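Engineer: Position chain B against the provided structure of chain A, taking the given hints into account.
Letter by letter, the chains look like this.
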Amino acid sequence: MTAVTDRQKLQYIAAKAADARVNVELETEGMILNMGPQHPATHGTLRIVAKLDGEQVVAAEPIAGYMHRGYEKLTEVRTYPQITALVNRIDWLGSFANEVPFILASEQLMGIEAPPRAQWIRTLLFEMSRVANLILFLGDMGVQLGAVTPAFYAFRDREFVLDQIEAVTGGRFHPNFDRIGGLKDDLPKGWLVETKNVMNKVRSFCDEIEGLFMNAEIFATRTRGIGVIPADVAMQYGLSGANARASGIDWDLRRDAPFGFVYPELDWKVWTHPDGDSFARFWVRLQEVRESTKMIDQICDGVPGGPIMAKVPRIIKVPAGEAYVATENPLGEMGFYVVSKGELAPFRVKIRSASFNNVSITPWLLRGVYVPDIITILASLYFILGDIDR
Amino acid sequence: MSDQNATPEDNTELDDTAAPEPEAAVVEPEGPKDEAREAILGRFVDALGEAVVDSHIVVDKDLWIRVSADAWHEAGEVARNALQARYFGFLSAIDWMPSPFGRSMDSEVDRLLEAKDEAQAPEDAAVSAGTSFEHGFAGGETRFQVFARVAHIGEQGSNWGVTLKVDVPDDSLALSTWTKVYAGADWHEREAHEMFGIDFTGHPALRNMYLPTGFEGHPLRKDFPLLARHVKPWPGIVDVEQMPTNEAEQLSTEESGTAEGADS
Numbered sequence: 001m002t003a004v005t006d007r008q009k010l011q012y013i014a015a016k017a018a019d020a021r022v023n024v025e026l027e028t029e030g031m032i033l034n035m036g037p038q039h040p041a042t043h044g045t046l047r048i049v050a051k052l053d054g055e056q057v058v059a060a061e062p063i064a065g066y067m068h069r070g071y072e073k074l075t076e077v078r079t080y081p082q083i084t085a086l087v088n089r090i091d092w093l094g095s096f097a098n099e100v101p102f103i104l105a106s107e108q109l110m111g112i113e114a115p116p117r118a119q120w121i122r123t124l125l126f127e128m129s130r131v132a133n134l135i136l137f138l139g140d141m142g143v144q145l146g147a148v149t150p151a152f153y154a155f156r157d158r159e160f161v162l163d164q165i166e167a168v169t170g171g172r173f174h175p176n177f178d179r180i181g182g183l184k185d186d187l188p189k190g191w192l193v194e195t196k197n198v199m200n201k202v203r204s205f206c207d208e209i210e211g212l213f214m215n216a217e218i219f220a221t222r223t224r225g226i227g228v229i230p231a232d233v234a235m236q237y238g239l240s241g242a243n244a245r246a247s248g249i250d251w252d253l254r255r256d257a258p259f260g261f262v263y264p265e266l267d268w269k270v271w272t273h274p275d276g277d278s279f280a281r282f283w284v285r286l287q288e289v290r291e292s293t294k295m296i297d298q299i300c301d302g303v304p305g306g307p308i309m310a311k312v313p314r315i316i317k318v319p320a321g322e323a324y325v326a327t328e329n330p331l332g333e334m335g336f337y338v339v340s341k342g343e344l345a346p347f348r349v350k351i352r353s354a355s356f357n358n359v360s361i362t363p364w365l366l367r368g369v370y371v372p373d374i375i376t377i378l379a380s381l382y383f384i385l386g387d388i389d390r
Numbered sequence: 001m002s003d004q005n006a007t008p009e010d011n012t013e014l015d016d017t018a019a020p021e022p023e024a025a026v027v028e029p030e031g032p033k034d035e036a037r038e039a040i041l042g043r044f045v046d047a048l049g050e051a052v053v054d055s056h057i058v059v060d061k062d063l064w065i066r067v068s069a070d071a072w073h074e075a076g077e078v079a080r081n082a083l084q085a086r087y088f089g090f091l092s093a094i095d096w097m098p099s100p101f102g103r104s105m106d107s108e109v110d111r112l113l114e115a116k117d118e119a120q121a122p123e124d125a126a127v128s129a130g131t132s133f134e135h136g137f138a139g140g141e142t143r144f145q146v147f148a149r150v151a152h153i154g155e156q157g158s159n160w161g162v163t164l165k166v167d168v169p170d171d172s173l174a175l176s177t178w179t180k181v182y183a184g185a186d187w188h189e190r191e192a193h194e195m196f197g198i199d200f201t202g203h204p205a206l207r208n209m210y211l212p213t214g215f216e217g218h219p220l221r222k223d224f225p226l227l228a229r230h231v232k233p234w235p236g237i238v239d240v241e242q243m244p245t246n247e248a249e250q251l252s253t254e255e256s257g258t259a260e261g262a263d264s
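Chains as they are written, first to last, in the UniProt record's numbering: chain A, 1 to 390; chain B, 1 to 264.
So that you can see chain A by itself, here it is in the shape it has in the complex (with noise of 0.2 angstroms):
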């Protein structure tokens, strides 16, 4: 142990003085930067509002609103089955996903179950919405760190899914075929075997994006280490989905809460990353698109026959009650809050999206970053800014 003299003391005071001279002396002020709301990095209208001091990120402030649709009034408006056209305009790009959260509240509170086949089917077109929906976000990955080449093969193979769903449903992005009860129609003829070789092309996908990411120093320098949460922080701001999983917190609604789906019956895992940083986000994400096609196949081999259909009233009358229903979407935890009083227009929906929490801590996660990786930041919390604004 050796005393810290006086003088010791005084050198060091004189010291941290004079450099706080200097620091004053090339004082900038700080700088206001205005990202958005028609920022290419944004994919929609989010606005950034973030405090500079130099190339660091002091305060950032996202502002959300200018796609606020009043889905929870107009829901109050409309009957149970003429709501699922509403908010499968939530999350656009995994559409068929956001019918099945507001359907299995409704069978909840009506007391019915869809029969054996429906729940298969239902399952098999969740999980194609959300491979849809993560190819895009694979592909767009790139785009926010400069590499364009994996956004088009990410269109080109996202069409041959959007083709399926399109073949069963009659749309690309708005199937609106989920009901009470059941589906509104049948697979057609020889579906199944051309699913199966639609995921092996998103296998291949998945592996070419492998190569082009994983490799890649510039996208491990860009990405490792950038945009830690750990996971209490996430669990408080209720972080969902890829996103939760990616700060090592293992929790998964289809593995944790199935009710109304098949999951159960499936041979499949839930990735987690202990990183929690925006390599970690990307690479769970990855790899859920590849056990999704591997849940697909095993669906595609074991659906079994019968009734597509439920028998249900004619005209649905909801029992009073309430229910919170939750899946596990493409983007994270949905759950639709129904309270209905026994009408045929629920009493009041909230609605629980997943971006909308996952959004919310950006002011928490982009203070103190570098500019540049507000944007890698924010594509690997990836939203859709229909799913915040609801």
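No incorrect hints appear here.
Derived SDA-like pairs: lysine to any residue, alpha-carbon spacing no greater than 20 angstroms straight-line: (1) A:K196 to A:E159; (2) B:K61 to A:P258; (3) A:K51 to A:Q38; (4) A:K73 to B:L227; (5) A:K73 to B:M97; (6) A:K311 to A:R117.
Please keep in mind that the hints were generated in silico from the structure rather than gathered at the bench. Just so you know, these numbers come straight off a predicted model, no measurement behind them.
Structural biologist: Just chain B now, kept in the frame of chain A:
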């Protein structure tokens, strides 16, 4: 099949009046119990005491707990720290006043049903004209309620979620904020503030999320008119298509519980 038909009047502390499972009805007239959820409710009651006003359990599905307005912040702390429900789902509000504009629906089916309702339910109108509203699960006394959902994420299979409700005092329309407990409540409270006009005291910045600054009114309140519905008729009128009558009759006889058979 069992318990969703429970009406708000059936709410009791332990939900022993929920419609029982058909096979259990003979053996156990009180209906099925949900021990896991009752245990969680018990822990809330232990920690909060009198502040737990009411609760509701839908067996094997979900748990609702209503706390008093003074204890709203404390309830959040108890949920997060004592019960380790660290995952914040959402927070929102509900306006229990029946809409003064009716259903705002004008398809033929609605008119048929409305005519039926008016004939048989004059007492409903009396209720809605008064100050007491018909509340949902776990009851309520005020027009506005705030509800939030939190969940415990731990070992696989031990996860649970709970919906916490609170009456917002009619005179002040203010609650204490949850932003200190769950940071994610920030945006949700801003949304509830502009949509319902509920004040969250202690919130750092209750700015509008969606609406322009200076917008008057609170859109999700029931007395805020949905103008689109009033200026032009709903195009969904054409949605109603006739079905063969024999099949419709079949359905209405088989589903005697919920079927309306209003097309006859």
